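J.: Below are the chains, spelled out letter by letter.
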Amino acid sequence: MTYQVEKKNKRKQKFESLIHHPYFGFIIIVFLMFFVQLIRLLGVDVSVSILRAFGSTMIFTIVALGFSILLGYGGLASLGTAGFVGLGAYALVYFTNTFPISIFLTVLIIIIGAIILGTVVGFISLRIEGMYLAIITLGLSEILNEVFKRATNITGGTTGVNIGGVILFKDVISINHNVVFIIISIILFIIMVLTLNIMKSPTGRALLAMRNSSSAAQAMGVSIFKYRLLAFIVTTVYAMLAGVLYMTYWSFTIPSTWSLGFSLNILVAVVVGGSQSIYGIILGTFMIFGLDLSVFKQIDFFVANPGITIVMNGILIIVVVMFYPGGLIKLVNAFGIKIKKIFLNWIKKWKEFKYGVDS
Amino acid sequence: MITTEGFWKSIILFTLLLAVIFIILRFTVLKRFKNMEKTMNITTNIMLAIGVTYLLYRVYHALPEGAETFLFLNIIFNSIVQICVLALSTTAIVLIFKTSTTTNFAQGMIATVGAFVAAKVIAHLVSVYTEMNATLVVLIAMAVGALTAFLLGVLIDVFIIRKAKYPTPIGKQMITMGLVLVLTGLIPIVFGTLPLIVNKLSYADNIKFTINDFPYSITVHAFYALLITIALLVVLFSLLRFTKWGLGVRATASNELVASMMGVNTRIITAMSWGIAGLLGGVAAVILAPNSGAIQVAIMLPTQVNSFLAAILGSFSSFAGPLIASIFIPVLTNLMSLIATTWQNAVVYIIILVIVLIKPSGLFGKPTAKKV
Numbered sequence: 001m002t003y004q005v006e007k008k009n010k011r012k013q014k015f016e017s018l019i020h021h022p023y024f025g026f027i028i029i030v031f032l033m034f035f036v037q038l039i040r041l042l043g044v045d046v047s048v049s050i051l052r053a054f055g056s057t058m059i060f061t062i063v064a065l066g067f068s069i070l071l072g073y074g075g076l077a078s079l080g081t082a083g084f085v086g087l088g089a090y091a092l093v094y095f096t097n098t099f100p101i102s103i104f105l106t107v108l109i110i111i112i113g114a115i116i117l118g119t120v121v122g123f124i125s126l127r128i129e130g131m132y133l134a135i136i137t138l139g140l141s142e143i144l145n146e147v148f149k150r151a152t153n154i155t156g157g158t159t160g161v162n163i164g165g166v167i168l169f170k171d172v173i174s175i176n177h178n179v180v181f182i183i184i185s186i187i188l189f190i191i192m193v194l195t196l197n198i199m200k201s202p203t204g205r206a207l208l209a210m211r212n213s214s215s216a217a218q219a220m221g222v223s224i225f226k227y228r229l230l231a232f233i234v235t236t237v238y239a240m241l242a243g244v245l246y247m248t249y250w251s252f253t254i255p256s257t258w259s260l261g262f263s264l265n266i267l268v269a270v271v272v273g274g275s276q277s278i279y280g281i282i283l284g285t286f287m288i289f290g291l292d293l294s295v296f297k298q299i300d301f302f303v304a305n306p307g308i309t310i311v312m313n314g315i316l317i318i319v320v321v322m323f324y325p326g327g328l329i330k331l332v333n334a335f336g337i338k339i340k341k342i343f344l345n346w347i348k349k350w351k352e353f354k355y356g357v358d359s
Numbered sequence: 001m002i003t004t005e006g007f008w009k010s011i012i013l014f015t016l017l018l019a020v021i022f023i024i025l026r027f028t029v030l031k032r033f034k035n036m037e038k039t040m041n042i043t044t045n046i047m048l049a050i051g052v053t054y055l056l057y058r059v060y061h062a063l064p065e066g067a068e069t070f071l072f073l074n075i076i077f078n079s080i081v082q083i084c085v086l087a088l089s090t091t092a093i094v095l096i097f098k099t100s101t102t103t104n105f106a107q108g109m110i111a112t113v114g115a116f117v118a119a120k121v122i123a124h125l126v127s128v129y130t131e132m133n134a135t136l137v138v139l140i141a142m143a144v145g146a147l148t149a150f151l152l153g154v155l156i157d158v159f160i161i162r163k164a165k166y167p168t169p170i171g172k173q174m175i176t177m178g179l180v181l182v183l184t185g186l187i188p189i190v191f192g193t194l195p196l197i198v199n200k201l202s203y204a205d206n207i208k209f210t211i212n213d214f215p216y217s218i219t220v221h222a223f224y225a226l227l228i229t230i231a232l233l234v235v236l237f238s239l240l241r242f243t244k245w246g247l248g249v250r251a252t253a254s255n256e257l258v259a260s261m262m263g264v265n266t267r268i269i270t271a272m273s274w275g276i277a278g279l280l281g282g283v284a285a286v287i288l289a290p291n292s293g294a295i296q297v298a299i300m301l302p303t304q305v306n307s308f309l310a311a312i313l314g315s316f317s318s319f320a321g322p323l324i325a326s327i328f329i330p331v332l333t334n335l336m337s338l339i340a341t342t343w344q345n346a347v348v349y350i351i352i353l354v355i356v357l358i359k360p361s362g363l364f365g366k367p368t369a370k371k372v
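Sequences listed follow chains W and U, in order. The opening residue of the first sequence carries number 1 in the working numbering; numbering runs sequentially from there. The opening residue of the second sequence carries number 1 in the working numbering; numbering runs sequentially from there.
Hints are supplied without guarantee of correctness; some may be wrong.
Quick list of in silico lysine-lysine cross-link-like pairs, DSBU-like style, CA-CA up to 35 Å [stated by the list, open to error]: (1) U:Lys-165 - U:Lys-244; (2) U:Lys-165 - W:Lys-297; (3) W:Lys-226 - U:Lys-38; (4) W:Lys-340 - W:Lys-351; (5) W:Lys-200 - U:Lys-165; (6) W:Lys-340 - W:Lys-10; (7) U:Lys-163 - W:Lys-341; (8) W:Lys-340 - U:Lys-165; (9) W:Lys-340 - U:Lys-163; (10) W:Lys-341 - U:Lys-165.
Which residues of chain W face chain U? A partial, calculated answer using Cβ under 10 Å [as the list claims (entries may be wrong)]: (11) Ala-77; (12) Met-131; (13) Leu-140; (14) Leu-260; (15) Gly-261; (16) Val-272; (17) Met-312; (18) Met-322.
Think of the hints as simulated: they come from the structure by calculation, not from any bench. As the structure is a computational prediction, the values presented were derived from the model and not from experiment. Even glycine gets a Cβ: it sits at the ideal position worked out from N, Cα and C.
Use the sequences and the hints to build the structure in full.
T.: Below is the structure:
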C-alpha cells in the first residue's frame with residue numbers, strides 16, 4: 001500500500017519537475033506552431049493570414065528578445081532596431097544574388113557583420129546615454145534606411161526587392177514557406193533557450209546591476225565596457241538573424257518597413273509585454289504584430305473599419321503602460337492566481353457539501 | 001559644373017587628420033594642463049569649428065565658379081519653409097523634454113490633427129464666405145488648427161500623462177507612442193477619407209530682389225511663414241525669459257520636485273508646455289501641408305525625425321542651440337543635394353552623428369555632471 005503511494009508520488013514528482021522545467025513552456029509553444037503547420041498540411045482550412053501572423057510574431061519575437069536583453073536587463077534604449085533587421089534582410093538578398101555560396105556561410109558572414117556592427121554601437125553607447133542614445137541610434141537607423149532607399153542596384157529602391165530562392169548547398173532552390181515556418185520555430189526555440197540562459201546567468205545579473213545603477217555596478221566590479229558591448233552585440237545578432245528569417249519567409253521587402261515605426265513597435269512590444277519575461281515578450285509581440293492579422297482580419301466589422309483596430313491597439317498600450325508598468329505578463333499572472341483561488345474555493349465548498357464541515 | 005572629384009576623399013582625410021592631431025595633443029600637451037577637462041573641451045570646440053569650416057569651404061569650392069554666392073544664398077532662401085517648420089517643431093519637442101523629461105513621439109501627430117482641422121475650416125470658410133481674402137482664410141484656419149492642437153496637448157497631459165501610475169521617461173515615451181497609434185487610426189474616421197487640402201498663405205507672385213547683380217526670389221508663402229515663425233518664437237522666448245511662467249518652466253526643467261516644493265505649480269506649467277508645444281506643431285503643420293497636395297496622416301514624420309536630431313545636435317539643455325541646429329540641417333541637406341545627388345539625407349545624418357559623437361552633450365550644451 002505505502003509502496004504504491006510512494007510510487008505514485010514519485011511519478012507525480014517526476015511529472016511536476018517536467019512541467020516546472022524552464023524549457024517546458026518553450027517546447028509547448030514550438031509544438032503548437034508545428035501543430036498549426038501540420039494540420040494545414042493535412043488539409044484543415046487554416047487561413048494563410050493566421051499562419052503569416054504566427055510567422056511574423058515568431059520572427060519579431062527574436063528581435064524583441066534581443067531588445068529585452070538591451071532594455072529590460074541593460075537599461076539601454078535603442079531605436080536602431082529597424083535598421084539592423086532591414087540590414088539582415090538586404091544582406092541576404094545581396095549575398096544570394098551576387099555570390100553563389102551556401103546560405104549557411106551567408107548567415108555566418110551576416111552574424112560576423114552583426115557582431116562588428118554591435119561592437120560599433122556599443123562603443124557609441126559608452127559615450128552617450130539615455131534618451132540621447134535612443135535618438136542617436138534612431139539616426140543610425142535612418143542612415144541605413146536611406147541606404148536601402150538609394151542603393152537601387154542592390155536594394156531595388158523604394159519599389160522593393162524579391163528573393164527568388166536560396167542556395168542550400170550548390171543549386172538555387174525555391175523557398176517552401178511551410179518548411180521555412182518550421183525552421184523559424186526551431187530557431188525561435190534555440191534563441192529562447194539562449195536568452196533564458198543569458199538572463200539567468202551571472203551575465204544577466206551583471207546587466208541588471210548595470211541597469212539599476214551603472215556607478216554602483218562599477219564599484220562592485222562589473223565592467224560596464226564589457227557588458228554594454230555584449231548587450232549590443234546580442235541585440236544586433238538577434239536582429240540581423242531575424243532579418244534573414246524575415247526575408248526567407250516573406251521573400252519580399254521594401255525600405256519603408258524598416259523605418260522609425262518598426263523600432264517603436266518593437267519597443268512597445270517589449271515594454272507592454274513585460275520587459276524581463278520571455279513569455280511576456282511573446283505576448284507583447286503577438287499583440288503588436290500578430291493580433292491584427294490573425295484575429296481582427298477574420299471579423300467582418302474590423303475589415304470594414306481598419307482604423308478601429310489601430311485605435312484599440314493604441315488604447316491598450318496606453319492603458320497597460322499607465323496602470324500596469326510591469327507589463328501584460330504581470331496582469332496575466334495576477335489573473336491566473338485569482339482564477340486558481342476561485343477554483344480552489346469551489347473545490348473546498350464542494351468537499352464541504354459532500355463530506356460535511358469539520359467541527 | 002559642380003566638381004565633386006576628390007571631394008569626399010579630402011573631407012575624410014581632413015577628418016582623420018584632425019582626429020590624429022587631437023589624439024597627439026591629448027597625450028602630449030593637454031595632459032600637462034591643470035584643468036584638463038576644460039582645456040579638452042575648448043580644444044574639441046576649436047577642432048569642430050575647423051572641421052565644419054573646412055567642410056563648408058570644400059562645398060563652396062565644389063560649386064561652379066563665379067556663382068558660388070548665388071547658389072549658396074539661393075539655397076538658404078529656398079529652404080525657408082523647411083527651416084520654419086523644423087524650428088517650430090524642434091522648439092516644441094525641447095519644451096516638452098524640459099518639463100516632462102520625455103521625447104514626445106506624438107508631437108507630429110498632434111500637429112497633423114491641427115492641420116486637418118485647419119483644412120476643414122478652410123473648406124468651410126471658402127464655401128460660406130466666398131469673398132474673403134485668401135490669406136485671411138488660411139490665417140484664421142491656422143489659428144483654429146493651432147488652438148485645437150493646443151487643447152489636444154493640454155488634454156493629453158492632464159488626462160493621460162499625469163494619470164500614469166509610475167511615470168518613468170520610457171513609460172511616458174510608450175504612452176506618446178500609443179497616442180500616435182490612436183491618432184493615426186482616429187484621423188481617417190473623424191475627418192473622412194476624402195482628400196483635404198490646406199492652401200498656401202498666398203499665391204501672389206514671388207518677391208524678387210537682387211544682391212550683387214544676382215536675382216533672387218522668395219515665395220510669398222515662405223515670407224509669411226518666416227514672419228509668423230519669428231513672431232511666435234520671439235513671443236515664446238520673451239515669455240520664457242521675462243514671465244513667471246518662463247521662470248517656472250526653467251525651474252521645472254532643472255528639478256521638478258524641488259520646483260514644486262518651492263511653490264511652483266508644476267502641473268499648470270507642464271500642461272501649458274504641452275499645449276504650447278501642440279500650438280507650435282499645429283502652425284508648423286499648416287505651413288508644411290501645402291507642399292504635398294492633400295494632407296497625409298504621416299506628413300510630419302520626416303520633420304519629427306529631423307527635429308529629434310536637431311534637438312540632440314543643439315543640445316536639449318538650451319533653447320537657442322536646437323534653433324541654430326534646425327537652421328543648419330535643412331541648409332546643409334539642400335547644399336549636399338547639389339554635391340551628393342539623392343544621398344543628401346544620409347550624408348547629413350552621418351555628419352550629425354560624427355558631431356554628436358565628438359560632443360555628446362550637443363553643440364551648445366554644457367556637459368552635465370552625473371550624480372551617484
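J.: Does each hint hold? Answer for all of them.
T.: Results for each hint:
Between U:Lys-165 and U:Lys-244 the alpha-carbon distance is near 29 Å, which keeps this suggested pair within the 35 Å criterion. Taking the CA atoms of U:Lys-165 and W:Lys-297, the gap is about 33 Å. The hint holds against a cut of 35 Å. For the hint linking W:Lys-226 to U:Lys-38, the alpha-carbon distance of about 29 Å falls within 35 Å, and the restraint holds. For a cut-off of 35 Å, the pair hint linking W:Lys-340 to W:Lys-351 stands: about 17 Å separates their Cα positions.
A hinted pair counts as satisfied when its Cα atoms are at most 35 Å apart, and W:Lys-200 with U:Lys-165 qualifies at roughly 29 Å. Taking the CA atoms of W:Lys-340 and W:Lys-10, the gap is about 24 Å. The hint holds against a cut of 35 Å. For the hint linking U:Lys-163 to W:Lys-341, the alpha-carbon distance of about 31 Å falls within 35 Å, and the restraint holds. Distance check on the hinted pair: W:Lys-340 and U:Lys-165 sit about 27 Å apart at the alpha-carbon level, within 35 Å; holds.
This hinted pair checks out: W:Lys-340 and U:Lys-163 have alpha carbons roughly 31 Å apart, not beyond 35 Å. As the CA atoms of W:Lys-341 and U:Lys-165 are separated by approximately 27 Å, the hinted pair is consistent with the 35 Å bound. Of the supplied interface hints, the one on W:Ala-77 holds, with its beta-carbon coming within about 6 Å of a beta-carbon of chain U, less than 10 Å. The restraint placing W:Met-131 at the interface with chain U holds, with a minimum CB-CB distance near 6 Å, inside the 10 Å limit.
Among the interface hints, the one on W:Leu-140 holds; its C-beta lies about 7 Å from the nearest C-beta in chain U, closer than the 10 Å criterion. A distance limit of 10 Å between C-beta atoms decides the matter here; for W:Leu-260 the minimum to chain U is near 6 Å, and the interface restraint holds. With a least beta-carbon distance of about 8 Å to chain U, the hint placing W:Gly-261 at the interface is held under the 10 Å criterion. Against a cut-off of 10 Å between C-beta atoms, the interface hint on W:Val-272 holds, since the closest Cβ of chain U lies about 7 Å away.
Against a cut-off of 10 Å between C-beta atoms, the interface hint on W:Met-312 holds, since the closest Cβ of chain U lies about 8 Å away. This hint holds: W:Met-322 has a C-beta 5 Å from the nearest C-beta of chain U, less than the 10 Å allowed.
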